[in-house]
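Undergrad: Residue-level listing of the chains:
2 protein chains.
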Amino acid sequence: MRRVTLRDVAAEAGVSPATASRALQGSALVSEETLTQVREAARRLDYHPNAAAQSLRSARTGTIGVIVPDIRNPFFAEIAHGAERAAREHGLSTLLTNAEDDPVQQRQYIDLLASRRIDGLLLAPQGATADATLLRRTGLPVVFVDRVLDGFEAPSVTSDNEGGILRAVETLAAHGHTRIGYLSGPLSTSTGLQRHHAFLTARERLGLNADPSLIGFGNFQERSGDAIATQMLQEGHPTALLASDSLMTLGALRAMRRLRLRAGRDLAMIGYDDFETFELTTPPITCVIQQPERMGQLGIDLLWSLLCGTTPESIQLPVTFVSRESVCDAPHTHLREELS
Amino acid sequence: MRRVTLRDVAAEAGVSPATASRALQGSALVSEETLTQVREAARRLDYHPNAAAQSLRSARTGTIGVIVPDIRNPFFAEIAHGAERAAREHGLSTLLTNAEDDPVQQRQYIDLLASRRIDGLLLAPQGATADATLLRRTGLPVVFVDRVLDGFEAPSVTSDNEGGILRAVETLAAHGHTRIGYLSGPLSTSTGLQRHHAFLTARERLGLNADPSLIGFGNFQERSGDAIATQMLQEGHPTALLASDSLMTLGALRAMRRLRLRAGRDLAMIGYDDFETFELTTPPITCVIQQPERMGQLGIDLLWSLLCGTTPESIQLPVTFVSRESVCDAPHTHLREELS
DNA sequence: TTGTAAGCGTTATCAC
DNA sequence: GTGATAACGCTTACAA
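Same order as they appear, the protein sequences are chains G and C. Just so we're aligned: the first sequence equals residues 1 to 340 in my numbering. Just so we're aligned: the second sequence equals residues 1 to 340 in my numbering.
Simulated from the structure, these hints should not be mistaken for lab results. Please note that a few of the clues may not be correct.
To give an idea of the interface, some chain G residues facing chain C are shown, with a C-beta separation under 8 Å as derived from the structure [unchecked claim]:
1) Asn50
2) Asn98
3) Ser115
The following residues of chain C were derived to be distant from chain G, with all beta-carbon distances above 10 Å [what the hints assert, rightly or not]:
4) Glu32
5) Asn50
6) Ala77
7) Glu84
8) Thr94
9) Leu96
10) Arg294
11) Leu307
Glycine included, each C-beta is placed from N, C-alpha and C at the ideal position.
The whole structure should be built from the sequences, with the hints applied where relevant.
TA: Shown next, in the form of C-alpha cells:
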C-alpha cells in the first residue's frame with residue numbers, strides 16, 4: 001500500500017507539486033479555483049502530508065514535548081490534560097512522556113524529544129544540576145511546570161508551596177497540635193524542598209515540637225506515605241499528620257486504617273493536593289488544593305510566548321485551603337478544656 | 001544556534017557522513033577505531049540525530065500512537081502507562097493523545113498520527129462505523145485496547161465485561177436485591193454495550209425486576225453518574241446500585257452522600273473498576289476490578305507482533321471481584337427474616 | 001572497511 | 001498565479 005504523496009495530489013489536480021503545497025497551506029497566492037481542486041484531490045486520495053518531510057524542510061514540527069514525572073499521579077494527569085488542551089488551541093500537538101520518577105528516563109526523554117525536533121518543552125523536572133547542563137545543550141525553549149530545576153533559567157508556572165504548607169501548619173496549631181508529623185517529598189524536587197522548608201519555618205515560628213522523628217522523607221508515592229506514616233505513628237507520637245502530596249496522603253490514610261486510627265478523631269490529618277475521593281472518605285479529608293489543569297494550560301501559554309519571541313514572566317498560582325472534617329483538636333486540648 | 005548535523009560529526013571525526021551514519025547505528029561493517037572516533041565526535045558536539053530526516057529516509061519512526069478517550073480517568077492513565085512501559089522495552093516511543101470522549105477529536109488525532117507516520121496505533125476507540133472507514137484508509141497497523149470498533153477487524157485486548165457484570169448482579173441477587181439500578185455507559189462504546197447487554201441478560205435470567213427506570217445511561221464520567229443516581233434513587237426505588245465504571249461509581253457515591261444514603265446500610269453498591277480510594281471510603285466499595293496496566297502492556301505486545309508480520313490472537317483478560325463492605329442485604333430480606 | 005551519490009516528501013526561491 | 005528547482009538531514013546501494 002504505497003503512501004499518497006503531494007505529487008499524487010498534484011497530478012490528480014493537474015497542477016505542480018509547488019502549487020499543491022501552496023494550496024493545502026491556504027496560501028493567498030493561489031486562485032480560488034485551483035485551491036478547491038487541490039483540496040478535492042487531496043480528499044479523494046485521502047492524502048496525509050508527511051510530517052517528517054514537512055518538518056525536515058520547515059525546521060518546525062508544531063509539536064510540544066511534555067515530560068511529567070508520573071502520569072498515574074492524578075495531579076500530573078491534570079497538568080498533562082491542561083497542557084494538551086492549550087496546545088491544541090494554539091494549533092500545536094503534544095508529545096507526552098512519563099519519566100516515572102527516574103532521572104535517567106527523564107534524560108532519555110529529553111534526548112528523544114530533542115531528536116524529534118519538538119518546538120518546545122514543558123517540563124516538570126526532577127534531578128540535579130547535571131540535567132540543567134543537558135537541557136541547556138539541547139537549545140530547546142523550555143518552560144517549567146510545578147517544579148523548577150536549579151541552574152537552569154526558564155519561565156515557570158508553580159504554585160504557592162510556602163503558603164500552602166504554612167496554612168496547613170497554622171490550622172493544625174490552632175487546633176492545639178504541637179506534635180505534627182510531616183510526610184515530606186524528596187528534597188531533590190523543588191516542591192519537596194520548598195514545602196519541607198516551609199514546614200520547618202512554620203513549625204519554628206509557631207513554637208511547635210521539633211522532634212526529628214516527626215519528619216519522614218518519601219518519594220511522593222503512595223507506598224512511601226504508608227511506610228512513613230506507619231513508622232511515625234508508632235514511634236513519633238504525632239497528634240496530627242501533614243502529607244505533602246495526594247499519593248502520600250493516600251498512603252498515610254491506608255496506614256491509619258491498618259492501625260485502626262481514624263482521622264478527625266484519633267488524629268488530625270491534612271493532605272496536599274485533592275483527590276477525587278478525599279471528599280468521600282470518612283471523614284472527608286481537609287487539604288491544600290492546587291490547580292494542576294490550569295498549571296498545564298498556563299505552562300503552554302508561556303511556552304507559546306517564548307516561541308513567539310517574547311520572554312514571559314513566571315507565574316505562581318495561589319493554593320486553596322479546603323476545610324473538611326479530618327482535623328480534630330489535639331488530645332491535650334480536650335484535657336485542658338476538661339480541667340478548666 | 002545552528003543544529004549539529006551528521007555532516008558535522010563526520011567532519012569532526014574525519015570520516016564521511018555515510019561512515020558516521022553506519023557507526024552511530026552500530027553497523028558491523030565499521031572498524032572498531034572509527035566507531036569510537038565517531039561516537040566521541042557525536043558526544044563532543046552533542047549531536048542529536050534529526051528524527052524527521054531519519055524517518056523520511058527509512059519510512060519508520062519507531063513511534064507508536066496511543067489514543068485514549070480520557071487520560072484523567074485513572075483506568076486509561078493506567079493503560080497509557082502500561083503501553084508506554086512495554087513500548088520502551090521494544091525500543092519504541094509513544095505518542096499519547098487524549099480524545100476527550102469526542103469522536104471528532106479522535107478523528108483529528110488519527111489524522112495527526114497518520115501524518116506523523118507512526119508505525120502503529122493502539123486505540124481505545126469510540127464512535128461509529130464511519131470511523132472504521134477512516135481508520136482503514138490510514139493503512140495503519142491497529143490494535144484495540146479495552147474497547148473495539150465495529151466494522152474494523154483488528155487484534156484486541158479486552159476484558160471480560162459479561163463475566164464482570166454477571167458476577168456483580170449475581171452477588172446482589174444473592175443478597176436479596178430484586179430492584180437493581182444500573183448506571184450504564186454509552187452504548188456507542190463496545191464496553192458500554194457489552195455491559196449493558198450482560199446486565200439485561202443477568203437480570204432476566206435471575207428473574208429480577210425489569211422496571212425501565214432502573215437503568216440510566218451516562219457517559220462514563222462522574223457527573224453523569226451523579227445525575228443518574230440522583231434521579232434513580234428518587235424515582236426508581238432501587239435497593240442496590242451497580243455502576244459501569246469508576247467515575248460513574250464516584251458520581252453515584254457523591255449523589256448518595258447528598259441524599260444522606262449510606263452504601264452498605266441503606267443501599268447496596270457495586271462499582272466497576274477500582275479507584276485508589278474505594279478501599280478507604282466508608283464503607284469500602286465492593287467492585288469488579290480490571291487490569292488496565294496489563295491491558296496497555298499486552299496491547300503493545302500485540303502491536304509489536306503485528307509489526308513483525310504475524311497476526312496475533314486477541315486477548316480477553318479475566319476480571320476480579322473484590323468483596324468489600326458496600327453490599328448489604330435488601331430491606332425485604334430483613335423483613336422476611338424477622339417474620340420467620 | 002570506507003566513500004560517493006541518489007533520493008525520501010516537502011517547502012521556499014526563483015523565474016515566468 | 002504557477003511551475004521548475006534546490007535544498008532540508010539522513011540512509012543505503014553501489015563503487016572503490
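Undergrad: Need the list of violated hint numbers for this structure, in ascending order.
TA: 5, 6, 7, 8 and 9
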